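Asker: Take a look at the letters that make up each chain.
Number of protein chains: 2
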Amino acid sequence: MELDERKTVILQAIIKNYLETGEPVGSRTISKYTDLNLSSATIRNEMADLEELGYIVQPHTSAGRIPSDKGYRFYVDAMMLKHEKEVEQLKDVLLEKEEKLDHMLKQAAKLMAVNTNYATMVTAPRNYKNTIKFLQLSRMDESHILAVIVIEGNIIKNTVLDVAEKLDDETMLKLNILLNTHLNGVSAEEINLGLIATLKQQAGMYGPIIAEVIDAVAETIKEDEDLEIYTSGANNIFKYPELSDNQKASDLINAFEEKQLLTQLIDESDEEGSNEIKVYIGEESPIQTMKDCSIVTANYEFGDGMRGMIGIIGPKRMDYDKVVGTIKTIKSQLDTMYKKDN
Amino acid sequence: MELDERKTVILQAIIKNYLETGEPVGSRTISKYTDLNLSSATIRNEMADLEELGYIVQPHTSAGRIPSDKGYRFYVDAMMLKHEKEVEQLKDVLLEKEEKLDHMLKQAAKLMAVNTNYATMVTAPRNYKNTIKFLQLSRMDESHILAVIVIEGNIIKNTVLDVAEKLDDETMLKLNILLNTHLNGVSAEEINLGLIATLKQQAGMYGPIIAEVIDAVAETIKEDEDLEIYTSGANNIFKYPELSDNQKASDLINAFEEKQLLTQLIDESDEEGSNEIKVYIGEESPIQTMKDCSIVTANYEFGDGMRGMIGIIGPKRMDYDKVVGTIKTIKSQLDTMYKKDN
DNA sequence: GTTAGCACTCTTTCGGGTTGAGTGCTAACA
DNA sequence: TGTTAGCACTCAACCCGAAAGAGTGCTAAC
Numbered sequence: 044m045e046l047d048e049r050k051t052v053i054l055q056a057i058i059k060n061y062l063e064t065g066e067p068v069g070s071r072t073i074s075k076y077t078d079l080n081l082s083s084a085t086i087r088n089e090m091a092d093l094e095e096l097g098y099i100v101q102p103h104t105s106a107g108r109i110p111s112d113k114g115y116r117f118y119v120d121a122m123m124l125k126h127e128k129e130v131e132q133l134k135d136v137l138l139e140k141e142e143k144l145d146h147m148l149k150q151a152a153k154l155m156a157v158n159t160n161y162a163t164m165v166t167a168p169r170n171y172k173n174t175i176k177f178l179q180l181s182r183m184d185e186s187h188i189l190a191v192i193v194i195e196g197n198i199i200k201n202t203v204l205d206v207a208e209k210l211d212d213e214t215m216l217k218l219n220i221l222l223n224t225h226l227n228g229v230s231a232e233e234i235n236l237g238l239i240a241t242l243k244q245q246a247g248m249y250g251p252i253i254a255e256v257i258d259a260v261a262e263t264i265k266e267d268e269d270l271e272i273y274t275s276g277a278n279n280i281f282k283y284p285e286l287s288d289n290q291k292a293s294d295l296i297n298a299f300e301e302k303q304l305l306t307q308l309i310d311e312s313d314e315e316g317s318n319e320i321k322v323y324i325g326e327e328s329p330i331q332t333m334k335d336c337s338i339v340t341a342n343y344e345f346g347d348g349m350r351g352m353i354g355i356i357g358p359k360r361m362d363y364d365k366v367v368g369t370i371k372t373i374k375s376q377l378d379t380m381y382k383k384d385n
Numbered sequence: 044m045e046l047d048e049r050k051t052v053i054l055q056a057i058i059k060n061y062l063e064t065g066e067p068v069g070s071r072t073i074s075k076y077t078d079l080n081l082s083s084a085t086i087r088n089e090m091a092d093l094e095e096l097g098y099i100v101q102p103h104t105s106a107g108r109i110p111s112d113k114g115y116r117f118y119v120d121a122m123m124l125k126h127e128k129e130v131e132q133l134k135d136v137l138l139e140k141e142e143k144l145d146h147m148l149k150q151a152a153k154l155m156a157v158n159t160n161y162a163t164m165v166t167a168p169r170n171y172k173n174t175i176k177f178l179q180l181s182r183m184d185e186s187h188i189l190a191v192i193v194i195e196g197n198i199i200k201n202t203v204l205d206v207a208e209k210l211d212d213e214t215m216l217k218l219n220i221l222l223n224t225h226l227n228g229v230s231a232e233e234i235n236l237g238l239i240a241t242l243k244q245q246a247g248m249y250g251p252i253i254a255e256v257i258d259a260v261a262e263t264i265k266e267d268e269d270l271e272i273y274t275s276g277a278n279n280i281f282k283y284p285e286l287s288d289n290q291k292a293s294d295l296i297n298a299f300e301e302k303q304l305l306t307q308l309i310d311e312s313d314e315e316g317s318n319e320i321k322v323y324i325g326e327e328s329p330i331q332t333m334k335d336c337s338i339v340t341a342n343y344e345f346g347d348g349m350r351g352m353i354g355i356i357g358p359k360r361m362d363y364d365k366v367v368g369t370i371k372t373i374k375s376q377l378d379t380m381y382k383k384d385n
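Those protein sequences? They're chains G and D, same order as listed. Residues in the first sequence are numbered consecutively from 44, following this note's numbering. Residues in the second sequence are numbered consecutively from 44, following this note's numbering.
No false leads were slipped in.
No copy is singled out in the list; a pair is fine if it fits within one copy or between any two copies.
Only pairs whose alpha carbons sit at most 27 Å apart, straight line, appear in this in silico DSS-like list of lysine-lysine:
#1 K149 to K291
#2 K59 to K321
#3 K200 to K302
#4 K149 to K200
#5 K176 to K243
Hints listed in this document are in silico derivations from the structure and should not be mistaken for laboratory results. On a predicted model such as this, the values are computed, not experimentally measured, just so you know.
My request is simple: use the sequences and hints to build the entire structure.
Answerer: Pasting the structure below:
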């Protein structure tokens, strides 16, 4: 049996209707809903076929049909194709130049949540190219040195180092020159034992300080664990009865609060390194606790060598059309942000 | 009518039982629960009195009694008195020296949540004394200057400034000396128009840069808006049926996610500036959406001039005893942290 | 002052009847 | 051969009333 033209129309009508109402949809509804001018009986026959093909399921004998994961997948694929052709119209909301990156990302998450009525997430951009742009040691007081490390993309990291005795100006200058000479423009991979040994040797008695600085650099570069994730609209899940029973809601809220789980999405999206919008439907989700949800994600590029992720999480009967549109808009906002901002 | 010894015992028995079960408690239960050896009929008489006194209420005619806000208040006050005398035993969990403050605070929030099964929050310490400890401008590249501002308590803030043309070393040095000479040890209140004018005048053509630096300083000091709040265990509210109906849960989760609302608690706790543990019961809560909750908060002192807040939010039938104990433990951990850490 | 007893109230629970939506199947129709 | 009307059937949802059970207030007796 094949998915012919008419079946397609009916399937889409079923899904669309279900997305709006959240109720199983019956043959009579479709009979009136579409322009096919078919009686409910005919629709029923077609629906039996669609069920056999696996696109829809019946929650119980005398209920209407609801889309299966396969059905959603079909719908999403068809829709993506459509979107492909559209030219995205950028909105100006985000362009009110936000002073700070994290404010901006929070706002992006919130904007998406308000727009779509789903839960959303935005990760801060992480650098996947890691070159050191600038290093600076400054004497803060008698026994503390402030080390400032700037990575390509203006990620700035401060570390306070303890020192036994006060260092004089000349030494500070010497150390700064030493560090910048050897480390400027150097990537994480290039900092090897040889380079470290050279630095330490040249620093003489200040070798331990150099070692501490390098530790800080390493930490700055691989700051995987304290990756910032901004979320918004987690409470939207209460708008969808199928998600708001106690256990499910608790699990979801927990995922959103702990954020640890959400990193699985990032790993997944990084893996392919693709620039595409991804849609996970139900069981496809990489996160166990979100088997009843659908997740739409995309990566954004933030300047040279920086990449972040945005995602929307909602019920399977998600308004995919709108969600993908929203994701695209925000993505291109963030993509262009860096250029304009710099 | 007075609250005599026996009434007190009965009231406490009622509250204690209600805290455990979450169900209205009847006279017969109390009759068996306590050592008073009174029949249920007698208890009923006393309960009628307690109701008249306002300590307990009946949800409906033929139900048992539940504590009123006044009843909880009585219970809490009695308990605080008890705790007052106890010597707090510090736990070592937090003392595994955490590298970073925010990790530590997150862990503190989580620890409390796991311990108590309620929702918890911890704010990062904010400086209420604001003196500048150190200022540093560095040339990052041709057209950007990095300004690092360190506030008492080692709050560090970076800002990147745009400059039209490259500044030479001598100018940089001059600006740094100028800034540090005038601003070191200076508090926010002392940076007035006169001082700013002096600085600008001495900076000559670099006045605009000085202005930007001062803006950044101002922003660092009054960083009210991006106050970090760490929360944990928001999903615990699902453990208490009286909080987990859709509307309430949604509101609560929202408060925890937006965090904006939580700042009201901080304002409140700052107001008195006290060092006490505060308990808000039901309607006493400064947050509208938490009228069905109880909130326990405390401030902690983090080194000189820094203060943060910890709080636990749960149902009114909260295990106050445990919560206050937990808060005290964490509070003293954080209080002593700075000293040991420095 | 305490208690036993009883009538009363009110919520909760459970079963059963009803309703209504929706199906599958069959037979008739174009 | 595809479409449709009709009908019997299924099943969740809803309402209703009865019964159970928890708990109270009151009164009379101890």
